[in-house]
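Number of protein chains: 2
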Amino acid sequence: MKEITIHAPGTVANLVCGFDVLGLCLTEPYDIMKVRLLDKKEVIIRTTDNYPLPSDPALNTAGAPLLEMIGGMQREIGFEVSITKQIKPGSGIGSSAASAAGAVVAANELLGNIFSKEELVRFAMFGEKVASGVKHADNIAPCIYGGVTLIRSIFPLDIIPIPTPALFVTVVHPQIEVRTSDARQILRKEVLLKDAIRQWGNIAGLVAGLMKSDYDLIGRSLEDVIIEPVRSILIPGFHEIKKACRAAGAIGGGISGSGPSVFMLSRNRETACVVENVMKSVYDRIGLNYNSYVTTISQHGVTCLNTL
Amino acid sequence: MKEITIHAPGTVANLVCGFDVLGLCLTEPYDIMKVRLLDKKEVIIRTTDNYPLPSDPALNTAGAPLLEMIGGMQREIGFEVSITKQIKPGSGIGSSAASAAGAVVAANELLGNIFSKEELVRFAMFGEKVASGVKHADNIAPCIYGGVTLIRSIFPLDIIPIPTPALFVTVVHPQIEVRTSDARQILRKEVLLKDAIRQWGNIAGLVAGLMKSDYDLIGRSLEDVIIEPVRSILIPGFHEIKKACRAAGAIGGGISGSGPSVFMLSRNRETACVVENVMKSVYDRIGLNYNSYVTTISQHGVTCLNTL
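Those sequence lines, one after another, are chains A and B. Position 75 of the first sequence, counting from 1, maps to 75 under the numbering used here, and the rest follow consecutively. Position 203 of the second sequence, counting from 1, maps to 203 under the numbering used here, and the rest follow consecutively.
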């Protein structure tokens, strides 16, 4: 039977001033997935890693989107999915989204690309629902479209790719647990109008900066006066890292997703590597274990490694 | 002595989802101003219209910025300003900003363009302070830069021109008084986080839509879930006008500034004229007097009519 191998990359959602609406796709890390077409209406999940993720497809972030996809089709088809996770669950860089997005992009390739990217996002959102109870798209969309994406609205779904200049991304993942539900619960339901105005001035500046390739404007706009002041208390060393990374030449950055990973953008690889060393030295001194990555914004999203 | 004549156009601030940060420059209506260079440190204001505006330069929106400008200069110079206002004060389309911006652009021309546009905005903001007590720039900036401008931040001042496709603007000014102070006072100081998120999704979509010349995206993004629901109660017929204009083909629109003028954007002049008739018919039926305009976004801002 037909089989395809893909890389499903990590993503950074809640892009500083773009809480709940802006995300970007990383080139690395990525999960490796093999998806095989079956001639029976079933979804089989096999894992080749040691993460304790459910193998019942209805409860698995890769399985649920595929069940949704084949549920609406006349043909007798199914998928066998083998997942090697390299994006640690709970890291804040879109681990569940990678499985969901990877599964639907691979399945679509096996079916001759009958679904649009937007339809794939809709399927993949069922994976996020399994993972967190909420059908959000701010990791799924950049994982499928690549680049930076704006989710202007979720109901109805409105995804807008935002062109970007070349940007290098440094990510550090301190090995602590921040539960998404906790990170959401500590947010206030009401915010000051003056803070909201500042935030929408910043997101407008960020979109303009990305589309104009104006790095200074991107840097000035990477400011979050609403979410970061609350959530950063859950991330040891956050303010020290941010200050030191900016001083080392990073354009700016913040919490990735709902944490605990922290990301920084830089103009070139050299600076991104210096920034990585800054992050490492802070966590070395605090005595926290971490993973770190120096990568770029992927313009491709999920990548198919073989043709059919 | 050297003299220059300029047109200082009206502007639309608080551009729907861009409350306090986004504004656009109209081609019409405009004030006509003649500014003459004097060889003495003084500012003289002459008005040729019947509006009861103060002629004391320190209290006049054109005079205060010029006093600020000459106050910082070594040279013995001053200006005589003659103003024919065609933008009615209190209309919500930047009447005070036109006088302030027109005065400083003309003065700068007479001085050989020694100041940058950003410096001119700083001077002109003293006119807004005289007019409303607040040094805001969301009418001043589009009046001086032309097009659509984002004020990402006011302290420090950060003005970002946003490129736009061709857009036609229909404005209706019902002859009622909405005091800016009242319009501001009825706003809540706190807003729901979920509404703020929707608003920043919309402004990000609007900026992307303008820069991509994507009229549909501009239309979908022209939604204000925070300010308009409150302020529209001060404007008779607002919801009926908005609904009917959209049905007649307008891309979208809303309250201009803090009202009472209402504006709508269209792709072409034909639609903009149909939209004007829709607006007229609503106010004819309500029995309210009005002025209306069909115009375009001016890419120039204040225009000098003669060279020196």
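Possibly wrong hints are sitting among the right ones.
A pair counts as met if it fits within one copy or between any two copies, since identical chains are not told apart.
[As the list claims (entries may be wrong)] List time: in silico DSS-like cross-link candidates among lysine-lysine, alpha-carbon distance up to 30 Å: (1) Lys-117 / Lys-212; (2) Lys-212 / Lys-2; (3) Lys-194 / Lys-129; (4) Lys-243 / Lys-2; (5) Lys-41 / Lys-129; (6) Lys-135 / Lys-280; (7) Lys-41 / Lys-280; (8) Lys-117 / Lys-194; (9) Lys-243 / Lys-88; (10) Lys-40 / Lys-117; (11) Lys-189 / Lys-41; (12) Lys-194 / Lys-212; (13) Lys-40 / Lys-189; (14) Lys-40 / Lys-280; (15) Lys-34 / Lys-194; (16) Lys-41 / Lys-212; (17) Lys-194 / Lys-280; (18) Lys-280 / Lys-2; (19) Lys-2 / Lys-194; (20) Lys-189 / Lys-2; (21) Lys-280 / Lys-34.
Think of the hints as simulated: they come from the structure by calculation, not from any bench. If you're wondering where the values come from, they're calculated on a predicted model, not measured in any experiment.
Item to complete: If any of the earlier hints don't hold here, list their numbers in rising order.
Response: 2, 4, 6, 7, 11, 13, 14, 15, 16, 17, 18, 19, 20 and 21
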